[in-house]
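Visitor: Residue numbers (our numbering), protein chains in the order written: chain U, -11 to 254; chain A, 10 to 171; chain E, 4 to 742.
Possibly wrong hints are sitting among the right ones.
Said to hold, decoys possible - Pulled a few chain A residues facing chain E out of the computed Cβ check, cut under 8 Å: (1) M10; (2) I11; (3) L100; (4) P112.
As the list claims (entries may be wrong) - What the simulated footprint calls covered on chain E by chain A, stretch by stretch (three residues with Cβ under 8 Å from a Cβ of chain A suffice, anywhere in the stretch; the number is not a length): (5) 248 to 260; (6) 286 to 300.
What the hints assert, rightly or not - Non-contacting residues of chain U with respect to chain A, defined by C-beta distances greater than 12 Å in every case (computed): (7) E(-10); (8) D18; (9) E47; (10) R65; (11) A164; (12) G177; (13) N203.
Hints listed in this document are in silico derivations from the structure and should not be mistaken for laboratory results.
The beta-carbon is built from N, C-alpha and C at its ideal position, and this holds for glycine as well.
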Amino acid sequence: MEFVAARDLDDALDVKADEPDAALLAGGTDLMVDVNLAHHRPASVVSIRRVRELAGVDEHRIGAGVTWEQLEGSPHRALAQAARTVGSPQIRSVGTIGGNIGTASPAGDGLPWIAAADASIVVASRKRGERVVPWNEFFVGVKETSLEPDEVIIAVQVPGDVPESQEFAKVGVRNAMVISTVSCVVMRGDDGYRIALGSVAPTPIRATQAEALLNSARDITEPLLDELADVVSREVRPITDHRSTEAYRRHASGVLARRLVERTRP
Amino acid sequence: MIVRITVNGDDRPFDVSGPDSLLSVLRRDLGLPGTKDACEQGECGSCTVELDGALVCSCLVMAVDADGCEVTTVEGLGDEDGLHPVQEAMLETGAVQCGFCTPGFVVAGAHLLDRNPHPTPLEVKEALAGNVCRCTGYGAITRAFELLAEPHPGDAQTGEES
Amino acid sequence: MTSTVVPRVRGGIGTSVRRPDGEPKVSGNFAYASDLTAPDMLWGATRRSPYARARLVRIDVGPARAIDGVHAVLTQADVPGKPLFGQEEQDQPVLCDGEARFWGEPVAIVAADDEETARLAAEAIIVEWEELDPLVDPEQAVADGSVYREMRVRRGDESVSGNVVVEGYYETATQDQAPLGPEAGLAIPDDAGGMDLYVTSQWIHIDHKQIVDCMAMEPDQIRCHPVGIGGAFGAREDISVHIHVAMLAAVTGRPVKMVYDRSESFVGHVKRHPSKGWYRHEADAEGNLVKVTARLILDGGSYAHTSRAVLANGAYFTVGPYRCDNIVVDAAVTRTNNPPAGAMRGFGAVQTCFGYEMQMDRLAAALDMDPLELRRRNALAPGDPMATSGQIIEGSLPTVAVIDALEAIPLPPEDVDDDPLLRPGGTGLTTSKADVVRGVGFAVGLKNLAFSEAFDDYTEARVVMTSAGVEVHTAAIEVGQGLVTVCQQIARTILGTERVAVIWDDTSRIGSAGSTSASRQTQMTGGAVHAASEALRTKILQTHDGDELRADGVYRSGGLIATVDEICADGPVEEHVRFRHPPTTTADENGQGDVHAGFVVAAHRAVVDVDPELGLVRVVQVDTAQDVGKALNPQAITGQLEGGIMMGTGFAVMEQLVIRNGVIVNPTFTDYLVPTFMDAPDVETRIIEEGDHWGPFGAKGIGESPTISSTPAIVAAIRNATGKDLTKVPVLPEHIIGD
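The whole structure should be built from the sequences, with the hints applied where relevant.
Guide: Printed below as a string of structure tokens:
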């Protein structure tokens, strides 16, 4: 196995330019599960956890190498809430938001926040330089993204208008350390409500019909909230698997969206 | 690839050619089987170690990537004079049954107390939620940390604490 | 028959002494089977069936043998002795014999220089299969006559009926023991054609018999050693890697080690039988049970293991700790292509307790009676006939006392700590305070002690006085429960010295201790240690004409007359006993007979917070009152009660193997959820001490009780909170919302 411990982004991009198949290793919380359980034996690995360009957080940019433990202190309330539900403390100390994005599991705990924030994914490669990909063009299917093989995820670009009022919730059968069966982020800003959900479609999604319903209403009344829950339940596209059923996921999507709208109401 | 790490204060270089986990290397190559292997996917905490001060599942650390790191395992806690307070408290309250999860709890518990010497019961639960115990039901572990979280005679008294 | 010996040594019975293996366990120095190594050791790996049922068309081990570093590749044709193994009935091939009968069945084994090579070699074996239709529906299996055992229990008059009748149908899923320590073993060949085996086990002598048969060796050629076990809960009662490592070591002449990974562990041991139960309870207007009719199906999966004994428990515990004179029970345990089921903590009594306790709640509701009052009214007591077998209850059975003690425990306050993390959904922050409904539920559970139905159940122990202290020799397996401490405490109390060491002997050095299961070791090995210690004490006192034995020697009228060195002047003094519990009988054609050696009863009360709209549950508190006979080590008892309740909590609200057409779809700790610290309820325990008619100092075994009635108590609490008719465990969110 070839192994490079990249000191900076140049190192990492060089390796990916030469060997696009090289596995990126940050926190290892996904890659090593593949190594241990699926006996994945990558021919080449580039470790990016020391890459300083991936480390920083500021108002408009969250470095791909930022860990969940760091994000538990994020000023973005719903992101901090989501971060606290990722795995265990041992996972959060090393697992990164960049890994969550790259793996692109439908159940990725950080992804509904990215969708609600209308954030973009900043990627880079030797060949194409830096690209800023809107989240809904980045996530294209179950564990599928539009990342090119030679590219590295370097940051989440956060728009300036992310509302301060935001809430996250996640349903799982266990009270901690559980893969979500449904997760939801609601934000309320000047442009109205935004509702994003995870684990209910191949990618994180925005409940656009529900948002439209809510944002065209004059008042948020009980009947409207009931209708909102119905619309969300119809809008999501969940499946039945060993973790839950389609019907439950539809139901819980509506309940969570409604509850978070209530929590973010003025 | 020769990898240089410090384990429990000792230089412990090793040679590895694949994506082997730090857990495998500790147990197989470095003669430190105290760190346990129970799920290999970061879901049980039996393999918990400190890596450069961070609490990690050693099954999810690629051993080559630990080059230059300092690792503390269960074998590194306590000293000739006695057990680490977490070890002592777990014995006192009967928090050890089969003992397979115990090394992970000891390391995670010591890590918690380093950062938060007087955790509340809920803080203990959340901080140790990544360490699964199948025997005790966590009751005796809770009592161990209640003992540990009590202010100790040697603790500096802050004005508010009286 | 409680003894009056008063502990006058430190660390005797009734005290919460520290376990002797605690310090190595907290220090990481305790050797578990998966930690062992030997010079020149090879690693084993297993190739498994990818189908629940398939015909083995062709197997070509050539590509595996050709790999550098591979030393052996073995199939069923290479089994030197008996091709089949099994504890009760030898029906499972050591390796696939032409037809795979469950998903994950071992097909071939490999020994190689290292783990990775062994795994690659196992993958390189070419196997061609013809997939067959698996039998996975237990009811179909009953109809087809594909059963390991059917039971018919009839007592009293089938024609009577009660004024109040409730009927119910209940299901329990497949629970896995999920012990943290994986299946692991090391076989080390000796230079005389035999070998030493260090394998995770609950009963090395029953392993030994099966290994000897399959290896076609003489019993003294194979020595099975007790070894560190990372939990058991029934998972290690049956053979896992034992015969495989033995075969590989015999062929290669080198030590061979095998360790299952987590996914292999899920297919590599037997599970709790999934069940379906139909119950009809009839009572008179005052609430006295008049008749219970039940039909029970347990699915035993593809091989017999202990299914026959599990079914007996299921059938005999369809009524629970209640009197009833008219009984109609039909029960069957099926042979299917599902993963094999066998022993798990509670052993058949868990499945039925869920059924009969849900029924008792329904009956109380139909009678408009307090559910605990109904249970008290019908409570089984010493002198009563057991409802099913008709066996008269001997010894202690404080059914009413456990109910009373439980009821006296104060309920937790409604609202002590309003941290959102302590609501249903936990860290997921799903639930606001207004979304929470609290519920309270009760259940009482009955369990038999030790082995039943005329099984020759015995335990050997040897207690030796040496100048350095007392040695207790046993082959009983310490799985974490604290048997080692209890053995020390018993010997200390009787022999008057604190210096007691427990020595784990291999199968060549001592006879069987029986299984560490059926809640039996405190009574059985404890009983053997008690008997051997008493015999040793009597012998020493008689030899020296003394009247008291203390740490420093024999006393007469308060004066020391023989020191320990003098006692041992001609070498160590010892007594070796084989201890048996009161005999049991087989049943007649109606299931009637004195089939059980003793009984233990416990009651649980659960308090749950439920978010009914999302179907999420937080188990807030589970309290228990437990019949213990005599508390030998209160701290260890608390540990068993809390741990058992946690396992019952897991079964109530999350734990299940999802099996589709014979295939386990969640064989990982990501998807087989066991409760975390955040899921742990608070537990209040009350210990009821009424000495039993046998066992050391009147003590009973309590390892299984806490797992039996905790599950139905929690489900009753969820029913109480939601008004939903919950008839399956685990209760999942989709069940609560009525999906």
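Visitor: State for each hint whether it applies.
Guide: Right, here's what the structure says about each hint:
Contact between M10 of chain A and chain E, as hinted, is not supported at the beta carbon level, the nearest pair being about 16 Å apart and thus beyond 8 Å. Annotation: interface hint on I11 of chain A violated; nearest CB of chain E at approximately 19 Å, more than 8 Å. The closest approach between the C-beta of L100 of chain A and any C-beta of chain E is roughly 5 Å, which is under the 8 Å cut-off, so the hint is satisfied. Evaluation of the P112 of chain A hint against chain E yields a held restraint, the C-beta minimum of about 5 Å falling below 8 Å.
Coverage of the stretch 248 to 260 of chain E by chain A is violated [criterion: at least 3 residues with CB-CB distance below 8 Å; count 0]. Given as covered by chain A, the stretch 286 to 300 of chain E fails the check, having 0 residues with a CB less than 8 Å from a CB of that chain where 3 are the minimum. Taking the minimum C-beta to C-beta distance to chain A, about 10 Å, the non-interface status of E(-10) of chain U is violated against the 12 Å cut. The Cβ of D18 of chain U does not lie farther than 12 Å from every Cβ of chain A; its closest approach is about 9 Å, which violates its non-interface assignment.
The Cβ of E47 of chain U lies farther than 12 Å from every Cβ of chain A, with a closest approach of about 26 Å, so its non-interface assignment holds. Non-interface status of R65 of chain U relative to chain A is upheld: no Cβ of that chain comes within 12 Å, the nearest being about 18 Å off. Not every CB of chain A lies more than 12 Å from the CB of A164 of chain U, the least distance being 4 Å, so the non-interface label is violated. Every C-beta of chain A lies more than 12 Å from that of G177 of chain U, the closest at about 31 Å, which supports listing it as non-interface.
The claim that N203 of chain U lies off the interface holds: its Cβ sits roughly 36 Å from the closest Cβ of chain A, which is beyond the 12 Å cut-off.
The structure is inconsistent with the numbered hints 1, 2, 5, 6, 7, 8, 11, although it conforms to all the rest.
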